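Undergrad: Build out the structure end to end from the sequences listed, making use of the hints.
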Amino acid sequence: MCASVKYSSRGPALIPRMKTKHRIYYITLFSVVLLGLIATGMFQFWPHSIESSPEWTLDRRSVHDAPLVKLPVSSPIPERGDLSCRMHTCFDVYRCGYNPKNRIKVYIYPLQRFVDEVGVPISSTGLSREYNDLLSAISDSDFYTDDVTRACLFVPSIDVLNQNSLRIRETAQALAMLPRWDKGMNHLLFNMLPGGPPDYNTALDVPRDRALLAGGGFSTWTYRQGYDVSIPVYSPLSAEVDLPEKQPGPRRYFILSSQTAIHREYRTELERLKEENGEALLLLDKCSNLSQGMASARKRCYKGQVYDYPQILQESSFCVVLRGARLGQATLSDVLQAGCVPVIMADSYILPFSEVLDWKRASVVIPEEKLPEMYTILKSIPHRQVEEMQRQARWFWEAYFRSMKAIGLTTLQIINDRIYPYAARTYEEWNNPPVVKWSSVSNPLFLPLIPPRSPGFTAVVLTYDRVESLFRVITEISKVPSLAKLLVVWNNQNKSPPEECTAIDGLSLDQTHMVERSECINKFASVFGTMPLKVVEHRADPVLYKDDFPEKLKSFPNIGSL
Amino acid sequence: MQAKKRYLILVSAGACLVLLLFLGGLPVPASRRSQVQRDGHRPGPRWPRFLEHLQPFVPWDQTESEGYIAHMSARQKRDASSGLNQGRRCRMDSCFDFSLCAKNGFKVYVYPQQKGDKISESYQSILASIEGSRFYTSDPGQACLFVLSLDTLDRDQLSPQYVHNLKAKVQSLSLWNGGRNHLIFNLYSGTWPDYTEDLGFDIGQAMLAKASISMENFRPNFDVSIPLFSKDHPRTGGERGFLKYNSIPPFRKYMLVFKGKRYLTGIGSDTRNALYHVHNSEDVVLLTTCKHGKDWQKHKDARCDTDNAEYDKYEYKEMLHNSTFCLVPRGRRLGSFRFLEALQAACIPVMLSNGWELPFSEVIDWNTAAVIGDERLLLQIPSTTRSIHQDKILSLRQQTQFLWEAYFSSVEKIVLTTLEIIHDRVLQHMGRSSLMWNNHPGGLFTLPQYSSYLGHFPFFYAPLGEWPTHSKFTAVIHAVSPLVSQSQPILKLLVAVAKSPYCAQIIVLWNCDKPLPAKHRWPATSQPIIVIEGESKVMSSRFVPYSSILTDAVLSLDEDTVLSTTEVDFAFTVWQSFPERIVGYPARSHFWDANKERWGYTSKWTNDYSMVLTGAAFYHRYYNYLYTNYLPASLKSMVDQLSNCEDILMNFLVSAVTKMPPIKVTQKKQYKETMMGQTTRASRWADPDHFAQRQTCMNKFASWFGTMPLVHSQMRLDPILFKDQVSILRKKYRDIERL
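Here the protein sequences line up with chains F and E, keeping their order. Quick note on full-length UniProt numbering: the first sequence kicks off at 1 and runs consecutively. Quick note on full-length UniProt numbering: the second sequence kicks off at 1 and runs consecutively.
Hints are computed from structural coordinates only; laboratory data are not their basis. Just so you know, not all the hints are guaranteed correct.
[As the list claims (entries may be wrong)] Derived DSS-like pairs (lysine-lysine); straight-line CA-CA distance at most 25 Å:
{"hint": "1", "chain 1": "E", "residue 1": "LYS604", "chain 2": "F", "residue 2": "LYS554"}
{"hint": "2", "chain 1": "E", "residue 1": "LYS723", "chain 2": "F", "residue 2": "LYS554"}
{"hint": "3", "chain 1": "F", "residue 1": "LYS546", "chain 2": "E", "residue 2": "LYS253"}
{"hint": "4", "chain 1": "F", "residue 1": "LYS534", "chain 2": "E", "residue 2": "LYS659"}
{"hint": "5", "chain 1": "E", "residue 1": "LYS668", "chain 2": "E", "residue 2": "LYS472"}
{"hint": "6", "chain 1": "E", "residue 1": "LYS668", "chain 2": "F", "residue 2": "LYS552"}
{"hint": "7", "chain 1": "E", "residue 1": "LYS659", "chain 2": "F", "residue 2": "LYS552"}
Computed from a predicted model, the values in this text were never measured in an experiment.
TA: This is the structure in structure tokens:
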């Protein structure tokens, strides 16, 4: 582009005046430039496209292009998950190696379509939208590596998010066929809906050897603490509905129940609570009169009155999240999104990301048995605490629930923290919303210590060549018994001290000096985002300061008499 | 053509060429560079973007789970699951009866000791700590938790402390009930060669508070992992941490040290056997000795003699005090004494004990105070510790000290922490949050029943970025003498306090034997006066957390206190800056009387003080709650019987919590004379017995706390410009200077 501009603006003006010899010379020169341009273009597009052709074609591809893999009937089945697995027994840490960034490398198996010998696929949905989102997010993250030999963690592309859509035995066989399976070592499976009727087990039923499980709906009996990761059940409404953040504060309803599949007994108990406390409670259920369809999932009804879901959640301080057949409920995500404080009643449920998240700050967990006392329990929580919880609930959703990406990367970060615990994210980083992070003061010297006199102190004296006053200061300070060291910072670069600075008073009375310092204060305050200095009306004096008391008995007699 | 022009064209053409290469050529290497990672590997395919619309993982009509077993009641289902989940699968839901705690709160019963039962010193301390705590009950009918008087600490069959026939003894206990709601303490289990974690008797549904427990055997939220402590571990109080001041940069002479036994073979020997690989005798000093046991000579290997020689060159104490990190490798069992030693010495523990469930892991975030290493990666440990930034070291080190003093320095703290963890589970949603456990002053001093909101406690204002919620205070006046004349000091005091713009209300606590005076006898004030009649008319009632106190700040006053409005105002503004401390006027001091070998109490004019009496002091209302609910009945009843020392006890309590002295503010001189007992009226201050009692109290309190919590201060807070040579008109708190 540059060259052509030169041609049109300057070239014609110059060329006619040149001699032929020169003209040829310059034309040759410009041709070289032009050739260079072409060559560069070729270099950029042509060879590059050859080199990375798989990437270019892969980037937009059809699921049906994935290679078909037929599972022989006799293909081996992994063992059921070992309940005693922990990071130090079932996880090969050597694969993660030492790396200065303290970040694990995650490999994703390329997509394959597994079918049994008759050609029936192992899963009714195949790759789901959510699992695809999750894998793309991992592949776009810093965790990703395509080099299987360098990987520390392996994520199969076999979608096991929903156990209902799986053929258990065949899925297990497919897992075992993965080239690096090696008894499931360092493999991570994501599952949100475990178990199936009638028992609804709380962990994925697919036999999986030693693989780590990121599961939604673990109970305390199936969760291998420090090994598995408890994840939320993703709610599609997170992406479909945009609920703006609502300021914390009192809401129209105190308690709201929006789930449609609540056990009959619990619904009866909720109705009894509603009778006792009236308007403060809102009990919603399916809409019987609406035609079945996508839209009905977004509506809830109470006595014929129709409410929009999940918008109605924003109208309540507390929202009930009761266990269904499974412990993990997608409702939890909707409730958090609405900034409503979840009241979680699911005994033995391991809350999502409980390894790092402090759920006491964002939710109220009540045993199922105490459902009848829910109202009194919630009423006893201070208002300020409720507001904090509302804010915290929304923040949890934004940071850890809102997308498959958030869920997937949080899971990887948790595993990463276990492998590099000394570089793990702190409690504050996980739990404090960004607002608090800035406004709160974290003192690096937080231990209440009263230092002893023995090591004393170091005096730092800044001077601009005012030797006389400097000497005076040094003589005075050096009399102090606790002085350990005296450091003089000579800050005079051009040797000649200004006349008016010889007296301290002169310095502070200097008008421009004060203006400069005011500017400094404003500048600093804007950098800090707030004014960290606090005004107080007190001053520290020795205990008997200026008291009517013999001077020689006072610890610091000079201070009062100066 | 001039040479000049020729050059111009040449240069411009060249520039164009360069620019062209830059525009056209650069994007290629640049995009490559962003893809090429630091390790030199270029990632190839990423996850593809698929063309078709993929199915959601759950069809929209199945978003709410169906197929609920409608015929089975929820209660039945719970009962069925608790039947299945016994033994190794015990959890609070299935093996603990919460209903026992519902009636009387969290009370702990200790079985009476049988004659002839040998109980080790350590277990005696544990039992004594429970019996001295506020949880103790002697009535098993009220108890929520039961603790055996049979010594279960040492279950190593080869140990002399081993108690035989425990199985039969436990089974014969009438209250055993299959171990339900029982807590069993254990320090050692199993023996050579496999060191299993079995206790050698059936613990049934009992909870374990066990040292060296492994993750595999640890039942989460049911068992409690406790630290291994020696028989010399003090029962109460305990030594403070060794860190006296923070040094910056925080590095010490050694980077990483260890000194301990080496087991040549058998369980747990691998790590210690490999330590010499990392030892560099400069800043990483890891020493082992084979010299232990009777016949070590027989088993010794080629390294033993050199190791032993190196071992004797260093002194353990010196290394402990001068090292940034201390290695804590597993012994035969997972836990070792090194852990608590390092913690106390502010030497950041580097854990090498795979599978150890760290002490109190349910509540303590160990990543903030220790480096958790992996035995398999021993050779990386030096580079790992070196990679830790000095800011992190500074904070890790301080946290070791906080944790040591909050939970580990005495047997009593270890026991109380164990009980409080279980208490938290019983309280369920009301339990302490992780913030309360991991921040100063720690879980033992933060009672969650007071409030679940952190901002209601005096310690969390800064972490929350907040300030006390109310800019007003409640005055509580302790009245003991009847109202006879209109010139009584209490009436003057009422008027003076009510005039303060910060005063929200005044509570008169009527602890006088005479009946309440009629309403009109009280002066008319702009602030409401609430008269509360003390129920039992005892001293401790002045610190009861009355529900009518709505402000965070409490101004505690004696009826004969003389204060001006200005003094009240000034003290209150000072308190707002130090909401976690006692801020007030009458200061006293304590000292160690070496002749009598006891603590002394003095009210003389001295250059320092360690107490500010509650006759005229501001403090956070949480301390009323703590005084009433944290302190044991024995101390409170002592105060009530003597009708004395309640102010000393409050100072002990607040200093134990804050580890800081109270704050004295300046005052008018007449006031001081009143407090010195020079008034004409016979007040309790004039009584010589009163003073002697206070000496006794000091020693009694110090022995309960196990240490002297009071801290001296030489600082008094005066208004700015106080007694300065400037016009009185420029001063805000003028009255304080007027005599």
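Undergrad: Are the hints correct? Go through all of them and say.
TA: Hints and how they fare:
1. LYS604/E to LYS554/F: 13 Å, holds
2. LYS723/E to LYS554/F: The given pair, whose Cα atoms are some 17 Å apart, holds under the 25 Å limit.
3. LYS546/F to LYS253/E: At roughly 46 Å apart (the allowed maximum being 25 Å), LYS253/E and LYS546/F break the hint.
4. LYS534/F to LYS659/E: 24 Å, holds
5. LYS668/E to LYS472/E: 23 Å, holds
6. LYS668/E to LYS552/F: 22 Å, holds
7. LYS659/E to LYS552/F: 31 Å, violated
The structure shown violates the earlier hints numbered 3, 7.
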